[in-house]
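Novice: The chain contents come next:
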Amino acid sequence: EPEVTQTPSHQVTQMGQEVILRCVPISNHLYFYWYRQILGQKVEFLVSFYNNEISEKSEIFDDQFSVERPDGSNFTLKIRSTKLEDSAMYFCASIHGLAGGWGEQFFGPGTRLTVL
Amino acid sequence: GDSVTQMEGPVTLSEEAFLTINCTYTATGYPSLFWYVQYPGEGLQLLLKATKADDKGSNKGFEATYRKETTSFHLEKGSVQVSDSAVYFCALSYQGGSEKLVFGKGTKLTVNP
Numbered sequence: 001e002p003e004v005t006q007t008p009s010h011q012v013t014q015m016g017q018e019v020i021l022r023c024v025p026i027s028n029h030l031y032f033y034w035y036r037q038i039l040g041q042k043v044e045f046l047v048s049f050y051n052n053e054i055s056e057k058s059e060i061f062d063d064q065f066s067v068e069r070p071d072g073s074n075f076t077l078k079i080r081s082t083k084l085e086d087s088a089m090y091f092c093a094s095i096h097g098l099a100g101g102w103g104e105q106f107f108g109p110g111t112r113l114t115v116l
Numbered sequence: 001g002d003s004v005t006q007m008e009g010p011v012t013l014s015e016e017a018f019l020t021i022n023c024t025y026t027a028t029g030y031p032s033l034f035w036y037v038q039y040p041g042e043g044l045q046l047l048l049k050a051t052k053a054d055d056k057g058s059n060k061g062f063e064a065t066y067r068k069e070t071t072s073f074h075l076e077k078g079s080v081q082v083s084d085s086a087v088y089f090c091a092l093s094y095q096g097g098s099e100k101l102v103f104g105k106g107t108k109l110t111v112n113p
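Chains as they are written, first to last, in the working numbering: chain A, 1 to 116; chain B, 1 to 113.
Don't read these hints as lab results, they were simulated from the structure.
Certain hints may be false.
[What the hints assert, rightly or not] Derived pair list, reagent style PhoX-like, types lysine-lysine, alpha-carbon separation capped at 25 Å:
1) B/Lys105 - A/Lys42
2) B/Lys108 - A/Lys57
3) B/Lys52 - A/Lys42
4) B/Lys49 - A/Lys42
5) B/Lys105 - B/Lys68
6) A/Lys83 - B/Lys105
7) B/Lys68 - B/Lys52
8) B/Lys68 - A/Lys42
9) B/Lys108 - A/Lys42
10) B/Lys49 - B/Lys105
11) B/Lys68 - B/Lys49
12) A/Lys57 - A/Lys42
[Unchecked claim] Chain B side only, calculated, beta carbon under 8 Å to chain A, not exhaustive:
13) Tyr25
14) Pro40
15) Glu42
16) Leu46
17) Leu48
18) Gly61
19) Phe89
20) Ser98
21) Glu99
22) Lys100
23) Leu101
24) Gly104
25) Lys105
26) Leu109
[Unchecked claim] Negatives, chain B to chain A, calculated, CB over 10 Å:
27) Met7
28) Leu44
29) Gln45
30) Phe62
Glycine residues also receive a C-beta, built at the ideal position from the N, C-alpha and C atoms.
The following block holds chain A by itself, in its conformation from the complex:
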């Protein structure tokens, strides 16, 4: 069964360092998402991506964040200069994206980012 994969499963970094979180969405999906969950808090939407551009982003997704689909399979989230408050579980999701929606969002297992 096709699935969304994410690497690494756990990333530890020093404050101020750049990190890249990687996701491989399901191959025929068209819409891609990043969400994050700070420990003990809600899963929060960060950004959605379609047709090689951002379709929507939240207030959290500031200039420190960027997303890219560098090839036909990977979807990456880059944090340019990490802060302590970026420590969270980051989930990637994808959806087939039929017009009219209601397709199921498929989630990856998450990357736990720890900023020291």
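Following the hints, position chain B against chain A.
Specialist: Positioned in the frame of chain A, the structure of chain B alone reads:
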């Protein structure tokens, strides 16, 4: 803005007990409602959904009914199993646009044999 509120966990039940996890929402429009489940070490999986008022979503013995009048979407199961132990997330989304999900905090369920 839109938001989802779930009952605080954790919830601990014995096998075959009845489960209710409360979920209420605040929405500016007419969203679809979802329950996602996360088993240990895995990603979130769609459990069930309802797209309009009075719809009932069901899957694997779980049910939830979209109640517009009470803005609720409570999750129920008549007889839980140990394998149901997981974190359950209530969420909403709007058709069209980016279809981003707005999640509740999640409720951890532990079922003991």
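Novice: With chain A as the partner, please determine if B/Glu99 meets the hint condition of a C-beta pair closer than 8 Å.
Specialist: holds (5 Å)
Novice: Regarding the assertion that B/Phe62 does not contact chain A, is the least Cβ-Cβ distance greater than 10 Å?
Specialist: Answer for B/Phe62: holds, closest chain A Cβ roughly 16 Å.
Novice: For B/Gln45, is the shortest CB-to-CB distance to chain A above 10 Å, so the non-interface label stands?
Specialist: The claim is violated: B/Gln45 sits with its nearest Cβ about 7 Å from chain A, within 10 Å.
Novice: Holds or violated: A/Lys83 with B/Lys105, Cα cutoff 25 Å?
Specialist: holds (23 Å)
Novice: Could you grab the alpha-carbon distance between B/Lys68 and B/Lys49 and see if it respects the 25 Å cut-off?
Specialist: holds (14 Å)
Novice: Does the interface hint hold: is B/Tyr25 within less than 8 Å of chain A, judged Cβ to Cβ?
Specialist: This hint is violated: B/Tyr25 lies away from chain A, its Cβ roughly 13 Å from the closest one there, beyond 8 Å.
Novice: Report holds or violated for the interface hint on B/Glu42, using the least CB-CB distance to chain A and a cut-off of 8 Å.
Specialist: Result: holds, 6 Å to nearest chain A Cβ.
Novice: With a cut-off of 25 Å on the C-alpha distance, tell me whether B/Lys68 and A/Lys42 pass.
Specialist: Holds, because 23 Å separates the two Cα atoms, which is no more than 25 Å.
Novice: Quick one, are B/Lys49 and A/Lys42 close enough, alpha carbons at most 25 Å?
Specialist: Status holds; Cα separation ~19 Å.
Novice: Are all C-beta atoms of chain A more than 10 Å from that of B/Leu44?
Specialist: Contrary to the label, B/Leu44 does not stay out of reach of chain A, its closest Cβ about 4 Å off (not over 10 Å).
Novice: Verify the proposed pairing of A/Lys57 with A/Lys42, using a straight-line Cα cut of 25 Å.
Specialist: Cα-Cα ~17 Å, so holds.
Novice: Compare the distance between the alpha carbons of B/Lys108 and A/Lys57 with 25 Å, and conclude whether the hinted pair is satisfied.
Specialist: It is violated: about 28 Å lies between the C-alpha atoms, which goes past 25 Å.
In terms of the numbered hints stated before, the structure departs from hints 2, 13, 14, 17, 18, 26, 28, 29, listed from lowest to highest.
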